[in-house]
Amino acid sequence: MNFDFSEDQKFLKEQANKFLTEQCETAVFRAVLNDSKKTHSKELWKAIVEMGWTGTTIPEEFGGLGLGYLELCVIAEELGRAIAPVPFSSSVYLATEGLLLAGSQSQKEKYLPRLATGEIIGTLAMAEGPRQPLPKNMDVTFKDGKLSGVKLPVPDGSIADFALVVARTGDGKTENDVGLVLVDLNGDGVTRETVETLDPSRDHARLSFDNAAGELVGGAGEGWSLTRAILDRAAVLIAFEQVGGAEKALEVARDYTMERRAFGRQIATYQAIKHKLADAYIANVLARSNAYYGAWALSTNAPDLAQAAATARISATDAFHYASKECIQVHGGIGYTWEVDCHLYYRRSKLLALTLGGPPVWKNRLVSQLEQSNAA
Amino acid sequence: MDFNDSPEEAAYRKKVQDFLKANAAPKEATTASRSRNRPEAEVLVDAKAWQKKKMQNGFAQITWPKEWGGPGGTPMQQVIYGQEESGYDVDGSFFGIGLGMCVPTVMAYADDETCKRFVGPALQGDEIWCQLFSEPAAGSDVAGLITKAVKDGDEWVINGQKVWTSGAHYCDFGIVLVRTDPGVAKHKGLTMFWVDMKDPGIDVRPLHQMSGGSNFNEVYFTDVRVKDTQRLGDVGQGWKVALTTLMNERLAVGQAGGADFKDLIELAKSTELENGPAIKDGAVREKIADWYAKAQGLKYTRYRTVSAMSQGETPGPENSITKVVSASRLQDLTSFAMDLMDMGGIMVNPDDVGYEAAFQEGYMWAPGIRIAGGTDEILRNIIAERVLGMPQDVRVDKGVPFNEIPK
Ligand SMILES: Cc1cc2nc3c(=O)[nH]c(=O)nc-3n(C[C@H](O)[C@H](O)[C@H](O)COP(=O)(O)OP(=O)(O)OC[C@H]3O[C@@H](n4cnc5c(N)ncnc54)[C@H](O)[C@@H]3O)c2cc1C
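Protein chains in written order, with the numbering used here: chain A, 1 to 376; chain B, 1 to 407.
Check the hints yourself; a few may be wrong.
What the hints assert, rightly or not - Below, in silico cross-link-like pairs of lysine-lysine (DSS-like), each with a Cα-Cα straight-line distance of 30 Å or less: (1) A:Lys136 x A:Lys173; (2) B:Lys48 x A:Lys10; (3) B:Lys269 x A:Lys325; (4) A:Lys325 x A:Lys38; (5) B:Lys299 x A:Lys173; (6) B:Lys48 x B:Lys27; (7) A:Lys136 x B:Lys269; (8) B:Lys299 x A:Lys13; (9) B:Lys151 x B:Lys188; (10) B:Lys280 x A:Lys350.
Said to hold, decoys possible - Only some residues are given here: those of chain B computed to face chain A with a beta carbon under 7 Å: (11) Met1; (12) Phe3; (13) Asp234; (14) Val235; (15) Ala293; (16) Gln296; (17) Thr301; (18) Arg304; (19) Ile321; (20) Ile378; (21) Arg380; (22) Ile383; (23) Pro391.
Note that these hints are calculated values from the structure, not bench results.
It should be emphasised that the depicted structure is a prediction, and the values quoted were computed from it without experimental measurement.
For glycine and all other residues, C-beta sits at the position ideal for the given N, C-alpha and C.
Between the sequences and the hints, there should be enough to build the whole structure, so can you do that?
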């Protein structure tokens with residue numbers, strides 16, 4: 001057993017950290033936040049593509065770097081720490097992963113090389129409004145090669161070139177009636193409208209399909225299990241983003257408490273403050289350790305990947321939530337202003353907590369796994 | 001990153017499994033130990049025999065060097081052994097404080113002759129050691145202790161009282177922290193000695209714990225004479241020596257054992273609620289998921305530490321979180337399990353309540369672990385100050401000679 005990243009992976013992480021420290025100060029986030037017309041930071045996205053990160057796990061034969069998931073995990077952590085306003089997770093963790101998992105040879109040939117070069121952006125469209133998307137309540141339907149219905153909110157839906165759409169393919173309401181449908185979002189029958197969200201640094205849209213042409217990825221009844229597999233993999237990667245964000249929020253909080261004085265001393269000397277931040281540290285360590293196991297499970301496609309992913313996601317969501325909310329708290333009044341960065345972490349933490357499905361969904365799923373394995 | 005055993009690790013694991021299979025009984029379905037309802041003296045005899053067997057087969061204190069009778073193994077081997085042994089109904093708890101904290105302190109500060117005399121017998125379970133630090137007026141602030149030692153020729157005379165001394169009633173030796181100079185600041189006037197617990201001047205009085213058991217004691221010292229050669233470290237350096245002990249404590253890490261999520265899942269499966277089985281209840285599932293995630297987080301944190309140690313790094317501060325997380329988790333989990341048992345949850349006899357009464361036992365044990373070896377609050381202070389680098393609290397007694405501090 002060696003439960004650590006390799007020297008090369010650590011080096012990659014350092015490089016990513018250096019790059020993002022320079023290229024992605026919080027001003028970059030704010031530039032998107034403060035301009036409702038901006039969907040993401042185009043400059044940063046271009047720079048990230050030039051670094052080759054979008055092709056990290058894409059095999060060389062499809063124009064990628066052919067690296068492993070551990071490399072992608074360390075990049076994810078740094079993107080999370082920088083709360084980067086780019087469509088990386090949609091295009092890389094969701095769309096690319098979906099195609100790598102189940103795309104046909106021709107689908108792979110058509111899309112992967114352009115995903116690697118950043119020429120196109122992909123996403124996964126699952127939600128249909130403010131409720132958990134389930135086979136029994138999904139309305140978007142795929143019949144005779146045409147897709148109809150509304151997906152909302154779709155991450156990076158305003159800018160993505162194609163989406164993998166979770167849609168009803170059968171007549172019933174079971175998991176076997178669901179398919180995963182690849183749709184060109186620039187084609188006919190697709191209307192998009194940007195929606196306002198809690199974290200405007202990341203684009204989300206309402207996608208309306210009216211007999212839009214699509215093709216299946218995987219078999220007609222395989223969409224649900226395929227989507228779960230994509231979400232499991234993405235959960236590990238998002239957990240790394242959450243760990244990065246949580247650690248950054250703790251640092252911001254800690255630094256401020258060392259500067260700020262009240263009642264004649266640094267507020268960092270007060271125990272109520274110390275214990276809050278100690279608890280944030282504790283949550284962060286647990287989250288990091290669970291994320292590491294998730295990384296290993298992802299990189300080896302371990303049989304308990306689903307369990308490891310849910311565990312990592314639960315811990316990481318918890319950690320980022322706690323660190324970001326207490327970061328505001330220890331700042332006092334100034335922490336509640338637009339100008340101070342605390343709310344950026346608070347916003348991002350909620351987005352990441354919900355983007356692949358919220359904590360209740362994952363906790364339920366984890367216990368189902370545990371029931372089956374009767375606990376590891 | 002590789003989570004699987006290397007070929008060497010797999011071979012070692014096989015060796016451990018063979019040893020355990022041949023020499024110990026596997027645990028029953030629950031995590032509770034069957035020894036809980038037997039008299040302590042009986043359990044102790046078995047525990048000593050088990051320790052001896054481990055020692056003879058090279059599985060006692062696996063990372064100790066050969067010169068001290070250990071097998072000179074790696075931290076990873078220690079982890080592998082621990083993983084495998086946790087499936088067996090054996091008790092090593094009597095030796096944790098002695099072998100994990102006291103004897104390493106002796107090894108670090110005593111002369112060769114003393115080490116030769118004590119290390120072997122401790123390792124094979126013949127002699128047990130206790131830690132005599134806390135006093136009625138000095139626990140978290142242990143450097144404020146008042147038990148004193150006064151030099152008399154080449155001997156010292158100890159008078160005072162220790163308290164909460166785990167195992168003192170069955171221990172053979174102990175390390176005791178005393179004040180040798182009350183005229184200097186509190187940390188500077190302390191000195192460490194080892195003592196023979198059979199000394200007639202030492203009076204051990206068991207305390208009745210809130211759990212009903214009696215694992216810890218008051219220990220009175222009346223004119224106990226010890227030789228200067230029993231001193232561990234220099235006069236006035238006792239605090240530094242104590243930190244060695246406490247550092248080992250943090251490495252030995254206080255993972256609060258007892259009922260766990262496996263038991264909770266079993267309980268939830270077999271418990272019928274108004275709306276169906278408890279395991280199908282959303283609130284129950286959410287709790288199980290949270291506690292599982294915490295347990296895994298601690299487990300993998302330990303593995304990260306061991307991996308770092310295997311690469312020659314010193315363990316990071318991550319370990320300081322173990323006791324804080326696991327003690328409260330045990331308390332909350334057991335409390336919740338008892339809630340599921342509803343009116344019957346108050347019963348404590350295994351025959352009446354099942355699961356070896358492990359939930360009830362954990363519930364009554366958890367408050368102790370939240371205090372022992374550094375309270376939750378002190379550990380959070382340590383994390384904030386030593387890990388996050390936040391400034392120390394205001395200390396009104398800083399630099400003040402001990403005998404001028406208001407008491
Ligand atoms: C089961 C058990 C076994 C033990 N075994 C041993 C043993 O073998 N040997 C030994 O020497 N000792 C032993 N102890 C003693 C243990 O180390 C002390 O009880 C512990 O350090 C707390 O000290 P105290 O009891 O004096 O409580 P106090 O120090 O009086 O604490 C009371 C409360 O005040 C809080 N507090 C104190 N100082 C601070 C601060 N600076 N900031 C915030 N809160 C603070 C504490 O957290 C606690 O909540 C054992 C205790 C228990 C419960």
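Tested hints:
1. A:Lys136 x A:Lys173: holds, 5 Å
2. B:Lys48 x A:Lys10: violated, 46 Å
3. B:Lys269 x A:Lys325: violated, 36 Å
4. A:Lys325 x A:Lys38: holds, 26 Å
5. B:Lys299 x A:Lys173: violated, 40 Å
6. B:Lys48 x B:Lys27: Given that 30 Å is the threshold and the Cα spacing comes to 19 Å, the pair holds.
7. A:Lys136 x B:Lys269: holds, 26 Å
8. B:Lys299 x A:Lys13: holds, 24 Å
9. B:Lys151 x B:Lys188: Roughly 17 Å between the alpha carbons, so the hint for Lys151 of chain B and Lys188 of chain B holds.
10. B:Lys280 x A:Lys350: With a Cα-Cα distance of about 27 Å, the restraint between Lys280 of chain B and Lys350 of chain A holds, given a limit of 30 Å.
11. Met1: Because about 5 Å separates Met1 of chain B from the closest Cβ in chain A, which is inside the 7 Å limit, the hint holds.
12. Phe3: holds, 5 Å
13. Asp234: violated, 33 Å
14. Val235: This interface hint is violated because 33 Å lies over the 7 Å limit.
15. Ala293: This interface hint holds because 5 Å falls under the 7 Å limit.
16. Gln296: This interface hint holds because 5 Å falls under the 7 Å limit.
17. Thr301: holds, 4 Å
18. Arg304: holds, 5 Å
19. Ile321: holds, 5 Å
20. Ile378: violated, 11 Å
21. Arg380: Check passed: Cβ of Arg380 of chain B comes within 4 Å of chain A, closer than 7 Å.
22. Ile383: OK, holds: Ile383 of chain B within 7 Å of chain A, min 4 Å.
23. Pro391: Given a least distance of 5 Å, the restraint on Pro391 of chain B holds.
Violation of the numbered hints given earlier is confined to hints 2, 3, 5, 13, 14, 20; the remaining hints are satisfied by the structure.
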